[in-house]
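Protein chains in written order, with the UniProt record's numbering: chain S, 1 to 423; chain X, 1 to 519.
What the hints contain is simulated information worked out from the structure, not anything from laboratory work.
Don't take every hint at face value.
Counterexamples of contact, computed for chain X against chain S with all Cβ distances above 12 Å [as the list claims (entries may be wrong)]: (1) Ala42; (2) Thr61; (3) Ser387; (4) Ser395.
Which residues of chain X face chain S? A few of them, derived with a C-beta cut under 8 Å, are [unchecked claim]: (5) Gln138; (6) His153; (7) Ala154; (8) Asn195; (9) Gly207; (10) Gln211; (11) Ser219; (12) Leu224.
Fair warning: this is a prediction, and the values are worked out from it, not measured in the lab.
We put the CB at the ideal spot given by N, CA and C, even for glycine.
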Amino acid sequence: MTTLDVDLAAARTALSAACGEVADAGPADAVDGVTPALVARPGSTPEVAEVLRAAAAHRLAVVPRGRGTKLTWGRPPERADLVVDLSRMDAVLDHAAGDLIVEAQAGTTLAEVQRTVAGAGQRLALDETVPGGSVGGTLATNASGPGRVAFGTARDLLIGVTVVRADGVVAKAGGRVVKNVAGYDLGKLVIGSFGTLAVVTEAVFRLHPLPAARSVVSAPFERPEEAQRLVQAVLQAQVVPSAVEVSWRPGGTGTVSVLLEGIEAGVEGRTATTRQLLGEASSAAAGLPEDWAALPWAGRPGRPTALKATFALSGLARVLETARAVAADTGLDLDLRGSAGAGVLHGALAADADPAAVARVVERLRAECTDVGGALVVLDAAPEVAAAVDTWGPVPALDLMRRVKERFDPERRLAPGRFVGGI
Amino acid sequence: MSGMHGTETTAGPIEGPVPPEATSATGEAGSNPQAMAAVVAAVEAALPPDAVVSDHIRLRTYECDGLAHYRVTPALVVLPETTEQLAAVVRACSDHGVPFVARGSGTGLSGGALPRADGVLVVTSRMRTIHEIRPEDQRAVVDPGVINLDVTHAAGPKGYYYAPDPSSQQICSIGGNLAENSGGAHCLKYGFTTNHVLGAEFVTPQGDVVQLGGMAPDSPGYDLLGAVVGSEGTLGIATRTIVKLTRLPQEVRTVLAGFASTDDAGAATSAIIGAGIVPAAIEMMDALAIEAAEAATHCDYPAGAGAVLVIELDGAAVEVEHEFAQVERICQEHHAFATRVATDPAERALIWKGRKSAFAAVGRISPDYIVQDGVIPRTALPGVLRSIAELSESSGVRVANVFHAGDGNLHPLVLFDDAVEGAAEAAEAVSGAILDLCISHGGSITGEHGVGIDKAAYMPKMFSDEDLDTMQLVRCAFDPDGVANPGKVFPTPRLCGEVPGKKKGAPHPLVAAGKATAF
Ligand SMILES: Cc1cc2nc3c(=O)[nH]c(=O)nc-3n(C[C@H](O)[C@H](O)[C@H](O)COP(=O)(O)OP(=O)(O)OC[C@H]3O[C@@H](n4cnc5c(N)ncnc54)[C@H](O)[C@@H]3O)c2cc1C
Ligand SMILES: Cc1cc2nc3c(=O)[nH]c(=O)nc-3n(C[C@H](O)[C@H](O)[C@H](O)COP(=O)(O)OP(=O)(O)OC[C@H]3O[C@@H](n4cnc5c(N)ncnc54)[C@H](O)[C@@H]3O)c2cc1C
Numbered sequence: 001m002t003t004l005d006v007d008l009a010a011a012r013t014a015l016s017a018a019c020g021e022v023a024d025a026g027p028a029d030a031v032d033g034v035t036p037a038l039v040a041r042p043g044s045t046p047e048v049a050e051v052l053r054a055a056a057a058h059r060l061a062v063v064p065r066g067r068g069t070k071l072t073w074g075r076p077p078e079r080a081d082l083v084v085d086l087s088r089m090d091a092v093l094d095h096a097a098g099d100l101i102v103e104a105q106a107g108t109t110l111a112e113v114q115r116t117v118a119g120a121g122q123r124l125a126l127d128e129t130v131p132g133g134s135v136g137g138t139l140a141t142n143a144s145g146p147g148r149v150a151f152g153t154a155r156d157l158l159i160g161v162t163v164v165r166a167d168g169v170v171a172k173a174g175g176r177v178v179k180n181v182a183g184y185d186l187g188k189l190v191i192g193s194f195g196t197l198a199v200v201t202e203a204v205f206r207l208h209p210l211p212a213a214r215s216v217v218s219a220p221f222e223r224p225e226e227a228q229r230l231v232q233a234v235l236q237a238q239v240v241p242s243a244v245e246v247s248w249r250p251g252g253t254g255t256v257s258v259l260l261e262g263i264e265a266g267v268e269g270r271t272a273t274t275r276q277l278l279g280e281a282s283s284a285a286a287g288l289p290e291d292w293a294a295l296p297w298a299g300r301p302g303r304p305t306a307l308k309a310t311f312a313l314s315g316l317a318r319v320l321e322t323a324r325a326v327a328a329d330t331g332l333d334l335d336l337r338g339s340a341g342a343g344v345l346h347g348a349l350a351a352d353a354d355p356a357a358v359a360r361v362v363e364r365l366r367a368e369c370t371d372v373g374g375a376l377v378v379l380d381a382a383p384e385v386a387a388a389v390d391t392w393g394p395v396p397a398l399d400l401m402r403r404v405k406e407r408f409d410p411e412r413r414l415a416p417g418r419f420v421g422g423i
Numbered sequence: 001m002s003g004m005h006g007t008e009t010t011a012g013p014i015e016g017p018v019p020p021e022a023t024s025a026t027g028e029a030g031s032n033p034q035a036m037a038a039v040v041a042a043v044e045a046a047l048p049p050d051a052v053v054s055d056h057i058r059l060r061t062y063e064c065d066g067l068a069h070y071r072v073t074p075a076l077v078v079l080p081e082t083t084e085q086l087a088a089v090v091r092a093c094s095d096h097g098v099p100f101v102a103r104g105s106g107t108g109l110s111g112g113a114l115p116r117a118d119g120v121l122v123v124t125s126r127m128r129t130i131h132e133i134r135p136e137d138q139r140a141v142v143d144p145g146v147i148n149l150d151v152t153h154a155a156g157p158k159g160y161y162y163a164p165d166p167s168s169q170q171i172c173s174i175g176g177n178l179a180e181n182s183g184g185a186h187c188l189k190y191g192f193t194t195n196h197v198l199g200a201e202f203v204t205p206q207g208d209v210v211q212l213g214g215m216a217p218d219s220p221g222y223d224l225l226g227a228v229v230g231s232e233g234t235l236g237i238a239t240r241t242i243v244k245l246t247r248l249p250q251e252v253r254t255v256l257a258g259f260a261s262t263d264d265a266g267a268a269t270s271a272i273i274g275a276g277i278v279p280a281a282i283e284m285m286d287a288l289a290i291e292a293a294e295a296a297t298h299c300d301y302p303a304g305a306g307a308v309l310v311i312e313l314d315g316a317a318v319e320v321e322h323e324f325a326q327v328e329r330i331c332q333e334h335h336a337f338a339t340r341v342a343t344d345p346a347e348r349a350l351i352w353k354g355r356k357s358a359f360a361a362v363g364r365i366s367p368d369y370i371v372q373d374g375v376i377p378r379t380a381l382p383g384v385l386r387s388i389a390e391l392s393e394s395s396g397v398r399v400a401n402v403f404h405a406g407d408g409n410l411h412p413l414v415l416f417d418d419a420v421e422g423a424a425e426a427a428e429a430v431s432g433a434i435l436d437l438c439i440s441h442g443g444s445i446t447g448e449h450g451v452g453i454d455k456a457a458y459m460p461k462m463f464s465d466e467d468l469d470t471m472q473l474v475r476c477a478f479d480p481d482g483v484a485n486p487g488k489v490f491p492t493p494r495l496c497g498e499v500p501g502k503k504k505g506a507p508h509p510l511v512a513a514g515k516a517t518a519f
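The shape of chain X in the complex, shown without the other chains (with noise of 0.2 Å):
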């Protein structure tokens, strides 16, 4: 379950209620010392000695994401500093059949860099150069360890950017980024981390590095960079990446509108982009979230607003200019009865500010909460939240919205007291019902966390045993022995084979036992 408490960062003594179905996903039904001693010697060989840990203080270090939830111990962590030093380890992995997982700075919200307990955990910490910055080719070259907002600074004195902006973006890494699609507050206007990432050098579940697009777009052949993208460290691990800048924009304009109820700013969402309008970004915060919001980082928002919108638009002045004065029109339209405008990078700072730090500060409010991460369509806004309203108030579990209106990704935050007995429960029931209401809605379970081992059983909800078989074929041509990352994002694991079309005789062990499909 999605559970966080208070902090995404605690790192409590207390271990994480892995339910039993997850144990095979997690590797701790059993592990192979053999092959985990042939891998370990293996590593030693090509690693700096402080690059390989397996002293079990310091691999407990490692064993969470920001979806704390899981815990696992990995049985060995290494820090590689060079791809070729990477490729190393995985080949050693693929060589022993252990399974590895990528981590990047482990700010994932759905246990994707979860540690395997008979495996490696393979961390990019230690990759991070930025190799070029070239604004006149609009792209920069960058190490899968590399901070999100570290290439942009690198970027600002040239005059560029890089858009996707998750709001974990002091910490959170290229690398994780690449695996998990990520998004931001601004990919309403520019797109997600999918959009921006041309070029990789990649490790495949082989240990081979190959070379995925690069510095000019449409490389010949399949778009197998596309593919790799968001597919959250199942298919291999991305190292050298290559990153599309964006140029600043000429004038960039921040408003905060406080309005009386969700519905009025749910409907001004809708007719602003209904307007032709397209903002940088659109942001949505409940009474609940503005509540939290307040009490952590005292952003001044509206006293007394049932929601309030945070709505940015850039681009060329005039146009800013333009769309501006009709987006205020909109807001007074629908009732906004407090508009507050940023006129400079401070006021602005501070408008965002109540946003950006918008899950942490829910911590203010409720000892542990849920956070989730559903989408529908934009028009569908007013009545799932409405929706979502009636489901916490008959189940008395309380929900505080924080959502990129534009493109209709929401982030309800489930509060509960894991002190009281059966609270985490509801909680987790009522974050279920709103995955249901998502999908009834036509949308999605998960817009920019990522599925990992979190949601990996709702999986069957959302796409048919063929569609999920499909994708799985992806798997099956990048890693056909699954040891890359097993047991995340698929519920049931496809089994390969070793001759695409050829079915073998004894069934697979796993087939067997009912713990795998072989389609």
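Chain S with its partners taken away, still in its complex shape (with noise of 0.2 Å):
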């Protein structure tokens, strides 16, 4: 879907100026069913400026694309003329293990990060949520896993970010150091804008030490009062947990799991003080499972509709109770597991599922995460489901974030469409 007052051919020619590769672009690099005339792909960050330069001149719509791991999240854009692809910018610049900091070019996946800093003894502190993410991509997505108890999420280990405008202004913000606040934190503004804002292509982390041993005790649960009281029981005591996981499929039974880690002897004393809280059923195990960071829609086929949700830590029982009983009233499928200990929970709803039985779902969970203190977001889902229902959902301050659209991409051509209230 190209826009009509654009002039390939010419536009072709100032890319290739811009960057060796440029290509036409085929089925395969559609964004989310809109099929892109042109690909790029710069191998560094000037040569990202010289192609946003380019496609500024000839009034090109822009999406950035990492991996391509999830693309089809957020609305479809309006319009698409030129990926640009970031996978060729895959180095690990810099990893200084001393001060506890990597710094990465966007297109790195964060398998390839984690195995740089494990060397050393240390890890980004982000899980790796859907296989094969990258850098870039985890920033624009704001990606987050269980270990966001302890750790926080991109917001909280970003130190400084590498960012290149709509017009291909390069631009800066941040540094290399973990305590600075110089400027205005720009790379918060990046995190969780879907490639809306600015192209990022460099990004500085802080780093962890790499635990010596971990434990995972669970417990099952049948009702949402009784996740509430484990997950609170948890919270309250002093174990100091590096996840708290809820997985549940409304009806049946659930589990709470809880993530420690730490030296081999402090793992051992607060597993048995866990076992404790958590009950008599609960069990542990040493490591992760093998799914430990998966999201709920993961393996399912087709195109299955993916629910963020958020609310107050107290609001947890409601959130659940509310999904048993939607889940009941239209005979949906839903699955639900995500960082309770935090606040989220990710839902997967089958991708043949009823729209407009969808639609109630989101619609339902939504005024109960609303009400207490969170939102809901639909990440994903086939285009007959994206039709039903409203997926970023109402938007507080959405003025002032038009505000900032505008003035970083004044003609709207960074993934115009993808973003809350149509940014």
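Build the complex from these two chains, which are given one at a time in their own frames, with help from the hints.
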């Protein structure tokens, strides 16, 4: 879907001068059903800048792509002429082990970053929720996993960022030191912005030491109040959990899982304490289960509906209860899983679920989440479902957000329409 | 310049030497009496009479923050009691193009709350209600003027505390902390204000009240709150704020270790971090800082030490015990000649007293001093400390070092006597050279005190024109008319223009006069 006033031949020439790798887009390059005309694969920040300058000169709508693992999330773009693919920018630029920082290009996979820093007994405390995701994609989508209870999310770990604006201007914010309050924290704005504000080209993160030992204590529950009681018992104790997960298919038996990390002797003691907190039915296992950070829709056929629910911690039982009620009413199989200890649950519904029924689930869950201080977002859905639901729901301060977008991308050429309020 | 006279609260009659280039930043170049009269009328209609201060003597009490060298008397001071009143003041300012400056407790060390001679100072000291302490949600909801330590006091009985702990925590406000993204000794492990503020009711520079963030994490949309934290009051004013409460640890161990030199203490710091330990805090003081602290607080630090480390470990009991043994061993390996372990809260308080009162204590050994606040990568610590010592030696200006060693945040205290001719300039030169050192080591010009008016001129040393221009896009989005704390943070104001992306015909008068750039 190309804009009418774009002269593609001229744009192609300009892009080729900016960056060696420019190709016609194929069906595989479609962004949620929108097929761009061209794909550029710049190899450096200056090349990304050249590409975006050329795109600006030719008024191309641009969608950044990391590894393309979740390009369908968010709304489809209104238009897309050019995909800027960052997969060639896949270098870990610097790992300063003594300073516990790592600097990587945006196209580097999270897994590659982990491999590099693990050599020094360190980790970037961001879970890989979807295998193969890139640093830039993880930032742009603000992906998070179980470890957020202890380490927070990208916003707590990113200390410096280099971006290229829609007009091709390169800008940095933050730096290479953990503590720094000079200037605005642009990194925060870029995190979770879905490629609509700027293209991230490089990022600097703080690191944490890898733990010597890990154990996961799990306990079953049947009812929402039980889940809440178990989660609160752990949060209000002093066992310093790294993760407090809940997984539940309403109607069935759910699980509360608590991750404990540290030195052997410490983990042993805290495991015993946690088992007492979680009751007789609890069990403990060393190490992490295979699917520890997986999202509930992982491995499902087709294009399942992917939900993200957030809530104040004490709202857990209410959110679970509403999920149970609406699943029963609609007859849908809702699969919930997430960081209950941080106030986040992801939900999956089958790809072939009736769109009207999905819309009812979204509406009821959203009302409950909002009531307990949170929100509900539809991360991904088949087109028929996406057409039946409000993807983002009501967003406070939307006017200010639009004003930010207008300043960064006045011509609305970066991933137009993907974000809240049609940004 | 970042001079402090003895203690930061001195309110002497000396007019601060505001450099000429700063007068446009402080509004002394000229004001608009008609606009101000209109604002006064609107404010008087919206606020109780005793919440509006226009008496010159009383206005003078607000003329500076913790950086007493800069002083400007505001045209008007208001003390709103509610968000609605505060918003009404801001709306009046916006309507009439009058600048406003937020002020919490006025402890800032970069002149962030320095008033404008042509503007309104909006003081939050009457907004001090702690609305909710919610242990089950691990959140507190507080007004912007609430004192940092009061949140911890309120949460303590429930087993919680508010983690960011600036040394000024007995007086500084949550709103000021938010605006400065303040740090503290325990931020090494627990992060800075930005990691602990989850939501805020926020008054935009137009006087609109919006909600940013909330009780739950990851609010949909841009993380505007993340941009507002640390923006030093230049994007608007935060009112009712939602902060994270942290569970009190099972065990806390504090150890004081004396070393012959800062080299040894620095190497011990690196070794502790290198061992995979994340202490709650690692603080360092050098001989001169120890001397000052001893004189002021009799904290009983080891005699003859060239440096001390204050190391605190907290968490689950078994881990703390284990890490403590490691820390003791590492200190010994790095030639610590005296270690003292606090076994109860009173002993812990005594160890911390010397550290937390260090800035004021320096007043005991020098009539005047500059508090610097630079950051370097932790591994560069020994080298940078040696360079600072060389600078001090070659210039004859004494420098006491007190700092957050764990995260490389230096607080060199540059000592001088303003009564001696040229001493202030010499101290200022050393202070600036220290910042240059930080920048050349890939660090930052400020780790927690902010840019304010004091360091705006240094921003171009750390950031390119494009970086600063991009930051100001955010400013333009929030505050196109430039009424929120103008003149702070950025060396050169960016003109925002009415419609993004379109250039106007005639140049703005400031551009014509060469006082602003229009990128
Ligand atoms: C909308 C969305 C929400 C998500 N939310 C969650 C979540 O809440 N929890 C969770 O665990 N996982 C989440 N994920 C999954 C996770 O983010 C992805 O698996 C992975 O991190 C994306 O990496 P990628 O390189 O494959 O990105 P891609 O699939 O290539 O791109 C994903 C998005 O990021 C943008 N983008 C990619 N690179 C850049 C860049 N360098 N600069 C600017 N924008 C860029 C793209 O335009 C696109 O909008 C989410 C993914 C998406 C798309
Ligand atoms: C002895 C001493 C020790 C200190 N130690 C530390 C330390 O360890 N760590 C540290 O980080 N800092 C420290 N500081 C600096 C200072 O205390 C902090 O910057 C503090 O956060 C300022 O809070 P305040 O309420 O005094 O703010 P003010 O000084 O009144 O204001 C600071 C800035 O915030 C803005 N502002 C105030 N309230 C609001 C609001 N509600 N919304 C938007 N903007 C607002 C102001 O415009 C100004 O730019 C110290 C200061 C002193 C004097």
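Looking back at the numbered hints, which does the structure fail to meet, lowest number first? Of the numbered hints, 6, 7 and 9 do not hold.
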